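Peer 1: Protein chains in written order, with full-length UniProt numbering: chain P, 1 to 176; chain B, 1 to 538.
Since the hints were derived computationally from the structure, they do not count as laboratory data. Note that this is a predicted model, so its numbers are computed, not measured. Beta carbons: idealized from backbone N, C-alpha and C, even for Gly. One or more hints might be untrue.
Said to hold, decoys possible - For the chain B half of the interface with chain P, some residues (derived, Cβ under 8 angstroms), not all of them:
(1) 61
(2) 78
(3) 149
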Amino acid sequence: MAEEVSSQMNSLSISETNPSSSATISLVSGDDIVFKVEPTIAKEMETVQSFIDETDGKITTIPLPNISSHDLPYVIEYCEKSIAGKITKEFEAEFVKKLNNEEVKELFLAANYLNIKKLLDFLSQVIADRIANKSVEYVRRYFGIENDFTPEEEAKLREELAWTFTGVDPDDEDEN
Amino acid sequence: TMSDTSLTPNVTGNINLKKRNAKRKGGRTMSDATSNPNVEDGMKSNLTTHINLKKVKMFDHISQLPDCILSYILTKLSMKDLLKTSILSKRWCNLWALRRDLYFDVFNVFENNEEELLQKGYLFDIPSAHCFIILERSINLELSLDEFVRWVDQFLKHSNATVIDSFLVNFYLNSQQQTTIDNWISLVIKRGIQRIDLLFKGSPYGRCDRPRKYYKFSFNLFLESNASTLKHLSLECCIISIPPNCNFIPFKSLSFLSLKWVKVDGIFIQSLPQLEELHLIECELKSSILKMVSSSLCHLKVTSCYVLFGNSKKFIEQCSLDCLKLTSLDYDGHDLANLNFNTPMLNNFHLVVSYSQHLIAFRLFATLPKLESLQLDIYSTVPTSLKITQRLEHLKQLNLIFMRPFDFLQKLDFDLSGILTILQASPLLQKLSIMIMSPEIIENQKDARDLEAFSHDEVKVIELRGCVGNWYEIEFAMNVMKYANKLERIVLSPYWRDDIDESLDWNSNPAWFQNGRQRIAEKLQNEEVVGREKLVLI
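So here's chain B without its partners, still in its complex pose (with noise of 0.2 angstroms):
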């Protein structure tokens, strides 16, 4: 099958081929050493490969190639697989020492799916803490945290590696195996850590049926270090500690930092030079005011940060932002009176706003001169009155969820006429996002009015989930297709975007959104629409 031609270039294209192979070897040592964290500098001796070509088949088996090519596997199995290859030979006995990421949580150190770890009781399902909820699928403590811990603490001293780049655990712990942790944690500082991540929650498999004390983690490990390796630090349930009168600045790498349920104080976070990306989810700070002067940070996210009065939680009454560089921001601090930013750069804002805010917010947007992109959950509906004075001269796109209010019981009559006002003052917007959070068919329907007041000239497309016919959703529909002079298409459905919240599966009940399309059909027919071609029901 083989023709002349292609015979020929084989003898001289076989020594180039060697040649440069040879040379490519060396390259991709160089930059494996910086790209590829899973391979150690000291392995390029074994690179002397595979460069005769034509002789031999290269290698029989995967066993004979080099450490850094094995190590592609290595960092692909579970930590109990892992460890499990030290056995197989000598050559094989340190290897996995080449692995440089660590991950333990109940999959890698026990099972690796569900069925098993229920089947051998690692997992069992117990009366929820949350009233909706009748089982919760939990851990069994007594069966496997002494295991897991003793795990390991095991693996960590059989370790052999020099370096150890990343560093996981996500396991219900607490603050009964501090001593422990605290040996972890120096242990791989000293091997040049930059990741660390200490999932204390121990999702999805956590307790919420018992009383805890967090873990400290503790400045003092980082004392003799410094930790200058540390880039990326993750902590859930966990109290962060900082000695009295401490002095030193433990994280001068530190670029991300994501907090969730800690207790940490503002100080802290001050003093992070190189932060880049700040999480600050439902933890208590020690002050009301949450106050941020950063010149590195850029992205920013805080969700309900509280303070302790006695037993009482107080959402925090103060954030003041002092942030040149920091260009996107999600923020729930449930008050919006005491918001001072100066954030000349943000353009990507989510904004949580709640009853009767709504001013506060569009005064606030009005200071952010590239804003470009803004997401508001708001709590309740936008009012008919809403006045907004200072237009959002570069906002392009806007999303608006609209969430019940928990005290509101009434069935809210969702009047959407006041997002026109938002549209009118939003000149340059592409793409307007609209989505109701459990809508519901309201008795009192009124006729849908032609609001000439309005029009808008950029705009191009326009989504309205969470709609199931009524009046408000057919006048708003209407009045866009007639005054939005570039509309190109507007999207209804009943239908939310699932990637809003997954969890919640609207899929279980399909007659209801056939009903619920079948009404904005009929309700669209019965009206004289204008620019029907750009009507899409989903």
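Next up, chain P with everything else stripped away, as it sits in the complex (with noise of 0.2 angstroms):
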């Protein structure tokens, strides 16, 4: 998967915006491509606004980390969608279906790092419907849980539950 990731960013563009505005603010990935984007789209994301506010709009080239230059421009989509109020189920489902297992769970933590409240709850209804009537072994799985309980103990808790355990769809093949 990581090298998936690292081949596709090579051929990413970055985003084109108006080279005569001054007020565009670069938001720099992980992996150190700039991505210039309106200010009107910070403020989608409360991390980015309030370093722009911390320090008077001055500096308006952001790190990010944490965040590839891969999932980043589906963050910055999202967030241009929902400025213009163009999220839109058709939208939603349109934009949930580019994405695999891999690609939601990792914009799922830039969401919660740029602290982007309408992605973070969209994309939680994304992962609950891709686990929905999963084994607890999937469920792990996708979640990189580790069993730390002894075999007797899952077993326990397994019988203790068992009235919940009907009827579970079979395992998907993982993605990754």
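Join these two chains into a complex; the hints should help.
Peer 2: Shown next, in the form of structure tokens:
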């Protein structure tokens, strides 16, 4: 997966903005790619906005070391739609179609890091949908959870909760 | 790809961002505790999170996120999936207790789609009690009732949640489950419940084919706690039971109350000091007089409430409202003769007017000084002889919906000229919508008249739906185009607006509509029409 991401990264173009506009903000991804965005977009990202406010708007280049240049364009796209008031069910359905499980999780982390409430809420639903009706093992893998129960402990828990374990969907092939 | 200028501020900027981020986190915790009910106060300490921005990637996995962030995901899971998270790992064992809104229905407890519910036998099709539908998709109680009840019961028993904000059960439950349901409610009251929904009709898969005894929603459950946390209560198919000699008010903070198919004593409704919104839908009352005195009530909906005499239902005869703050009212009370309103702020009124009660209705409107928006569901036509003595001074929007009276078998000769009387009595009206349900082409087509006596100086938009090319439709359209001086647009269409009743599927007969539209167009072509440019045919 890691190689895949970096290979896709190279093909990404830097988002284009009007060069004459001095008010644009540069977001720098963890792999040092600069994305110029309108200041209104930054308002959607509370973390970025509070940084700008802190420096009285003097510093307009903001490093986002935890977000890759693969994920950042998705975040920007969502924020742009949000600013324009164009987040519809159709847009969200299309948006999520483009994302594999790994990307959804990365975007969730990014949304949390940037503190974008709407995106976080939306991705929570996406994640919930993707683990709906799946086995415990699948959900563990999905979240990267290490099972720290002893086999005996787990067996006991499963027995206690036996009444809830009817009808689990077969696990999908993991995408990653 | 990175320029020097964007590199330099990295160093200082990063430090600032760190500091700022720490502050932000603090702030967010505070606001979360109030605005996001799903995050527990006790989780604040786990928020010492990703402040170190540059050095490492903050979290490799979602599972490393703090509890409060994970609870975002927990709130979106079905009850079944939520419970499953408790055996993921030791940390997750109690995380699901962070979930503060509990929602139990067939989709959350059994399967999340209808096909699977059918396949596994939780649902089946049974002959309908309604004559016009042959089979009805219903819940298979033999298979699902015990399992559902046990499921909810077990869930609540296993739950370690310290706070539960909202508790919803949508399932066909009766008095047989009385004790169990009582226990559920007692439990959620202890967790500071704010919203309870007990929807025991079990829509959309209820059972109409068997007699049932309703669950009793008992005040006694609230005796200890006084339930002052409860703000929202919604009941379906229940009996509200007030203990004899009850002299306490258990629902001090209740602001929303919706009762549907509920047997209730009016005294209960009177006893709610904070009530802002009330729905009484097909409820059985103790008295045929509905009396409401409230200084807090803003929105009221009353539909077909009745009193039982022996085995026969008798609709309430009198309605007396003394509600100074009431702004919106939706009233279907069958008889308008004994309405007594002291509601000076009322501006949005939806009223069902049955046969020959127009005069009473318009007398009532004249007593409402702020009335701006009015919807009338009329079970007849507006009589051409309608005399309105007092004008509707503030009315800006009027929706008229014409229904076919149930006992009226002949084809109705809708003469729409009576509507012009209403228009004339509403000098500030901006928008008029008329909808004729079940329109038909009548045999006896008359000629459209020029009704010179009419004129209006404000109305801008008129819609006439369910219009199929009868003479009275054409007459109405021609006259408003000619004599409504500020009219910008008049829409004629055989279609109904779909926001009125989604269950009526008229697309199933497109040819019929095409004919309707063609007829309107042809008729209008033959007439001399003034202001044809304002006309829109949909």
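Peer 1: Now tell me if each hint is right for this structure.
Peer 2: Results of checking the hints against the structure:
no., hint, verdict
1, 61, "holds, 3 angstroms"
2, 78, "holds, 6 angstroms"
3, 149, "violated, 12 angstroms"
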